[in-house]
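All chains, please: the whole structure from these sequences, using the hints.
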Amino acid sequence: MNINYLGQFFKYLAYLLIICIGFSWFAIQNNLLEFTYTDLTNYQLSKIDNIDYVDIAIVGDSSAGNGIDANLLGKMLNKKAISLVLTGSFGYGGSYIMAKKAIQKGAKEILIVHTVDMPTRPSYLDHRAGVFLIRSFSDLLNLTEGIHHVLGLYLSKDIVATAIKQTFKYFFSNVEGTENKRSDPSKYDYIKQHEKINAKNIDIKISSSLINKDKLYYLNKLANYCNEQKVKCSYAHGPIHHSFCKNNSDYLSKINTLISNTGINLLSEKPYCMNNDEVGDSEDHISVDLKNASTRYYYAILTSIISLKTGGSR
Amino acid sequence: MLFNSYIFIFAFLPIVLLGFHLSSKYLSQTKVLLWLVVSSLFFYGWWNISYLVLITFSIGFNYIISYYLRSNKAKAALILGIFVNIAMLGYYKYANFFIENLNYISNSHYAIENIILPLAISFFTFQQITYLIDSYKGITKDHDFIHYCLFVTFFPQLIAGPIVHHKEMLPQFLKKENTGLKVNNLSIGLTIFLIGLFKKVVIADSMGALATPIFNLAEQGVEITMLEAWGAALAYSLQLYFDFSGYSDMAIGLARMFNIKLPVNFFSPYKSKNIIEFWRRWHITLSNFLKDYIYIPLGGSRNGKIKQLSNLLITMLIGGLWHGAGWTFIIWGGMHGLFLIINHLWLNWKERVVSSQYLDKTITKLIAWLITILALILSWVIFRAETLNGAITMYSAMIGFNGLSLPNSISTLAPALPSIFPDANIMTNGVGIFSEGSNDAKIIIACIIVLYFPNTLEWMHITKPALNMEHFFKKKYNYKLSYWEQSAKHARLMAMIAMIVILSLGDVSEFLYFQF
Numbered sequence: 000m001n002i003n004y005l006g007q008f009f010k011y012l013a014y015l016l017i018i019c020i021g022f023s024w025f026a027i028q029n030n031l032l033e034f035t036y037t038d039l040t041n042y043q044l045s046k047i048d049n050i051d052y053v054d055i056a057i058v059g060d061s062s063a064g065n066g067i068d069a070n071l072l073g074k075m076l077n078k079k080a081i082s083l084v085l086t087g088s089f090g091y092g093g094s095y096i097m098a099k100k101a102i103q104k105g106a107k108e109i110l111i112v113h114t115v116d117m118p119t120r121p122s123y124l125d126h127r128a129g130v131f132l133i134r135s136f137s138d139l140l141n142l143t144e145g146i147h148h149v150l151g152l153y154l155s156k157d158i159v160a161t162a163i164k165q166t167f168k169y170f171f172s173n174v175e176g177t178e179n180k181r182s183d184p185s186k187y188d189y190i191k192q193h194e195k196i197n198a199k200n201i202d203i204k205i206s207s208s209l210i211n212k213d214k215l216y217y218l219n220k221l222a223n224y225c226n227e228q229k230v231k232c233s234y235a236h237g238p239i240h241h242s243f244c245k246n247n248s249d250y251l252s253k254i255n256t257l258i259s260n261t262g263i264n265l266l267s268e269k270p271y272c273m274n275n276d277e278v279g280d281s282e283d284h285i286s287v288d289l290k291n292a293s294t295r296y297y298y299a300i301l302t303s304i305i306s307l308k309t310g311g312s313r
Numbered sequence: 000m001l002f003n004s005y006i007f008i009f010a011f012l013p014i015v016l017l018g019f020h021l022s023s024k025y026l027s028q029t030k031v032l033l034w035l036v037v038s039s040l041f042f043y044g045w046w047n048i049s050y051l052v053l054i055t056f057s058i059g060f061n062y063i064i065s066y067y068l069r070s071n072k073a074k075a076a077l078i079l080g081i082f083v084n085i086a087m088l089g090y091y092k093y094a095n096f097f098i099e100n101l102n103y104i105s106n107s108h109y110a111i112e113n114i115i116l117p118l119a120i121s122f123f124t125f126q127q128i129t130y131l132i133d134s135y136k137g138i139t140k141d142h143d144f145i146h147y148c149l150f151v152t153f154f155p156q157l158i159a160g161p162i163v164h165h166k167e168m169l170p171q172f173l174k175k176e177n178t179g180l181k182v183n184n185l186s187i188g189l190t191i192f193l194i195g196l197f198k199k200v201v202i203a204d205s206m207g208a209l210a211t212p213i214f215n216l217a218e219q220g221v222e223i224t225m226l227e228a229w230g231a232a233l234a235y236s237l238q239l240y241f242d243f244s245g246y247s248d249m250a251i252g253l254a255r256m257f258n259i260k261l262p263v264n265f266f267s268p269y270k271s272k273n274i275i276e277f278w279r280r281w282h283i284t285l286s287n288f289l290k291d292y293i294y295i296p297l298g299g300s301r302n303g304k305i306k307q308l309s310n311l312l313i314t315m316l317i318g319g320l321w322h323g324a325g326w327t328f329i330i331w332g333g334m335h336g337l338f339l340i341i342n343h344l345w346l347n348w349k350e351r352v353v354s355s356q357y358l359d360k361t362i363t364k365l366i367a368w369l370i371t372i373l374a375l376i377l378s379w380v381i382f383r384a385e386t387l388n389g390a391i392t393m394y395s396a397m398i399g400f401n402g403l404s405l406p407n408s409i410s411t412l413a414p415a416l417p418s419i420f421p422d423a424n425i426m427t428n429g430v431g432i433f434s435e436g437s438n439d440a441k442i443i444i445a446c447i448i449v450l451y452f453p454n455t456l457e458w459m460h461i462t463k464p465a466l467n468m469e470h471f472f473k474k475k476y477n478y479k480l481s482y483w484e485q486s487a488k489h490a491r492l493m494a495m496i497a498m499i500v501i502l503s504l505g506d507v508s509e510f511l512y513f514q515f
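Chain order of the listed sequences is A and B.
Going by numbering that gives the first Met the number 0, the first sequence opens with residue 0, and the numbers climb by one from there.
Going by numbering that gives the first Met the number 0, the second sequence opens with residue 0, and the numbers climb by one from there.
Everything labelled a hint here was simulated from the structure, so no lab data went into it.
These numbers were taken from a predicted model, which means no experiment stands behind them.
In silico negatives: residues of chain B with every beta carbon more than 10 Å from chain A:
(1) 90
(2) 93
(3) 113
(4) 164
(5) 170
(6) 176
(7) 211
(8) 360
(9) 374
(10) 388
(11) 440
(12) 471
(13) 481
Not close to chain B: a few residues of chain A, all C-beta gaps over 10 Å, as computed:
(14) 28
(15) 103
(16) 186
(17) 188
(18) 198
(19) 201
(20) 202
(21) 209
(22) 210
(23) 257
(24) 260
(25) 295
List of simulated lysine-lysine pairs, DSS-like, C-alpha gap at most 30 Å:
(26) A:168 <-> B:441
(27) B:136 <-> B:260
(28) B:441 <-> A:156
Where a beta carbon is used, it is the ideal one built from N, C-alpha and C, also for glycine.
What follows is the structure in structure tokens.
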């Protein structure tokens, strides 16, 4: 009777686990969950896997994806450049993994570009980056955090609930994966932008009390890795609406200190400040037709044409 | 390492259980207990490895002093032992509080050090002080060092109690038949553990999500409305209840997996009809400690009523201070001391004030319960507040100084209320988290569980889940929910509960009692 109780318990628990993991797995495989960006990660990972050599790799989030044209930058620098940019959901953890892969392929230079509010975002996103990018054991960032987030991903009530809902919709309402609605990353070397927004009323204020120091964990790891491998790693802020540049000198000075303290070379203390008409589909995405202009800006700060201290603030 | 973390549930616990089983099969009993000591120290060190030195020093020091006390009965050694324990607790827990107040009174500027409070220091210090005193009295026996280590560090109760007594624990560790996994105890322990985990991750944490934003607003001096303040106070009362009840269940369940029974520490305290009864049901082992080692040595009820009442007040003030170094905790202790004094005076006077024919009536019991629960909710406000100002903001709002914001549902039903009570500052825009029906429903469900469901120990009473339960089982099991047995039906129910718990483990939060 006793053994039967435990046996029954574990049998039913196993059934329930299989059902929940099954739904999560199906939803992730079919891009039914918003945040996984499976097409983009697969595109970027296959790009680095299939390349023979690379001189400079750009890693970071969507502010870089929309703001830097790797081909153009490469031509200007006369080097082989590739973009391995992901999205803000992957945080510094995602950049760390992609930079490591590029360095293993022989990259001698890494440009890290993240949006200015990145240091205020939750650090668990960075740990979870390893879950989406995992192709080898070394991709699992921090082992315990990695285990935590693998389980948290497939067995979290929010994800399982969304996965069940989306899977039923997928079968019964003919819903396509969210990724399919976006675009094919190979067309733009990144995700296509949405409709341009009206930037007239944007007013960005970020309190320095929101800075999450744990967020810098993987930036520190990246700095150490670059140091060990003797690779030149530089950091630049992504383009941002001009109201940020006007209102946030205290915040900016604090994050600059934190970034510089990691040992990574901060190319410019000020970000590229966009006018209203330069803004694309969000306050930190430059308009698609101006990607060349912002790429020239990053070329300038990389080659020190613009003063390191004043940066490209216009 | 938290009981509600993946690493504990899926790695630490299975490994320790496996090691316990294998060592029981192939090694001597002492080595089995050594395995549990090492595992418990690993569990403690996971949080902060540097404090392993502190706990091992504390264990070694107290073991040597108690050994000496058993053979020499030297009062000086006892005083030294107690002094070192209190000094350690005082340094880590109260030094900054003392300096802060000294600076305030004397306008001085002594530096406040950045001292991290070692986890569980209040628990293992009190546990060892009782052992020292009992060694001096000649009550303890010559125990092996490994046995003593396990008595202090046994991981199910190390972090947040119960505060176990050597008389209850050491004989169990010494029993040969308590080694090796027993399927029966594993089933019972796992069931109790899962119920506790469910209380913590599903109920307590969702109550915390309702209470925390309002208490935080109050701390920042933001005016909150009457209904919000009462809602937050009630939500916090439920959060603390399920958090501590959940932890107590998990501790009992985990210990049972290793064939050890822990004492009952929590027994439906919100069903109490007076404060004396509340303290017999809430943190029972702390109440017993305070009674046996503070209240009675102070004189207890031996020197007249006034002395007894002042002893009660002193005991509760110390109890408040035990919970934390802050005026909010001292005032909370004082409030409970006062409640107990009123309760004792009422016991003397009630026969004269109320006719005996009314004392057993349901309405009288309901009024008694209502007064008790109101007193408790009010006292939890200062217990939860981080500062006195935060508590004052909450109390002002509860009294109605900031007006009343009604939920949308009531506003729609009684739109004329603001015009009937023009001075009450009634807003019918339904602001705040308690304007949402789903949040109200969560609180109502939690209240129903507290008041109408059997507690875990009652539900599982046929398994004799904890020590010292006799006091609570004078009545027959009288609930509509059939009591637990090892049936397929209950196995399926527990599998469902386990699944809900696993799905909720992603957002790990600490137990409230970890800070004490």
